[in-house]
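K.L.:
197 is the number that our numbering gives to position 125 of the sequence shown; each next residue is one higher, with no gaps.
Don't take every hint at face value.
Per label pair, the in silico range of CB-to-CB distance [claimed, not checked]:
(1) Lys100 with Arg125: 16 to 26 angstroms
(2) Thr107 with Pro155: 28 to 38 angstroms
(3) Arg158 with Glu196: 34 to 44 angstroms
(4) Asp160 with Glu196: 30 to 40 angstroms
(5) Gly120 with Arg158: 31 to 41 angstroms
(6) Ala97 with Ser166: 10 to 20 angstroms
(7) Ala101 with Gly159: 26 to 36 angstroms
(8) Gly144 with Ala99: 30 to 40 angstroms
(9) Gln74 with Ala105: 33 to 43 angstroms
(10) Glu134 with Ala90: 34 to 44 angstroms
Just so you know, these hints were derived from the structure itself, not from any lab.
Cβ coordinates follow ideal geometry from the N, Cα and C atoms, glycine included.
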Amino acid sequence: MQIRISWPAGNITATLDAGTPTTQALAKALPLASTARTWGEEVYFDTGVAVSRETDARQVVEPGTVAFWTDGDALALPYGPTPISRGDECRLASPCNILGSVDGDAGLLATVRSGDPIRVELIEE
Numbered sequence: 073m074q075i076r077i078s079w080p081a082g083n084i085t086a087t088l089d090a091g092t093p094t095t096q097a098l099a100k101a102l103p104l105a106s107t108a109r110t111w112g113e114e115v116y117f118d119t120g121v122a123v124s125r126e127t128d129a130r131q132v133v134e135p136g137t138v139a140f141w142t143d144g145d146a147l148a149l150p151y152g153p154t155p156i157s158r159g160d161e162c163r164l165a166s167p168c169n170i171l172g173s174v175d176g177d178a179g180l181l182a183t184v185r186s187g188d189p190i191r192v193e194l195i196e197e
């Protein structure tokens, strides 16, 4: 399953694992509009989707991971270190459900500013 995430300065696509309960819940909510927040080199935003933490949730992930922060009902898109990272790792605020990864260069997320309108939509196959 592919999604497009757009903001005033650009957009990225991401490929998600359609088999997870979180991805299925998110897909039902699309398209969605939200307001971007930044935390170090991570973009996150509220989705209005509430799900439980999955058994394989992780706190330290690769740059470009598409994660779902269950504590904040938010998508979390890390592209580099956060304020609690050790070294260059991407350490999320708490363990997050892993949905997939950004296609291409996750560094494009550096152009997202806190407060930017952000939109997520399903890319129809």
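K.L.:
Does the Cβ-Cβ separation between Gly144 and Ala99 fall within 30 to 40 angstroms?
P.N.:
At 19 angstroms between Cβs, range violated.
K.L.:
Take the C-beta atom of Gly120 and the C-beta atom of Arg158, compute their distance, and say whether it sits inside 31 to 41 angstroms.
P.N.:
32 angstroms Cβ-Cβ, so the 31 to 41 angstroms window holds.
K.L.:
State, for the Cβ atoms of Gln74 and Ala105, whether the hinted interval 33 to 43 angstroms holds or is violated.
P.N.:
The hint (33 to 43 angstroms, Cβ to Cβ) is violated, given that Gln74 and Ala105 are roughly 18 angstroms apart.
K.L.:
That 26 to 36 angstroms hint for Ala101 and Gly159 (C-beta), does it hold up?
P.N.:
Given about 35 angstroms between the Cβ atoms, the range holds.
K.L.:
Evaluate the given range 28 to 38 angstroms for the C-beta pair formed by Thr107 and Pro155.
P.N.:
With Cβ atoms ~20 angstroms apart, the hint is violated.
K.L.:
Return holds or violated for the Cβ distance of Arg158 and Glu196 against the range 34 to 44 angstroms.
P.N.:
40 angstroms, holds
K.L.:
Cβ-Cβ distance between Ala97 and Ser166: within 10 to 20 angstroms?
P.N.:
For Ala97 and Ser166 the Cβ distance comes to about 19 angstroms; the hint holds.
K.L.:
With 30 to 40 angstroms as the target window, see if Asp160 and Glu196 comply at their CB atoms.
P.N.:
36 angstroms Cβ-Cβ, so the 30 to 40 angstroms window holds.
K.L.:
Within 34 to 44 angstroms or not, the Cβ separation of Glu134 and Ala90?
P.N.:
20 angstroms, violated
K.L.:
Is it true that Lys100 and Arg125 lie within 16 to 26 angstroms of each other by Cβ?
P.N.:
Once the Cβ atoms are compared, 19 angstroms apart, the range 16 to 26 angstroms for Arg125 and Lys100 holds.
Hint compliance for this structure: hints 2, 8, 9 and 10 are not met, and every other hint is.
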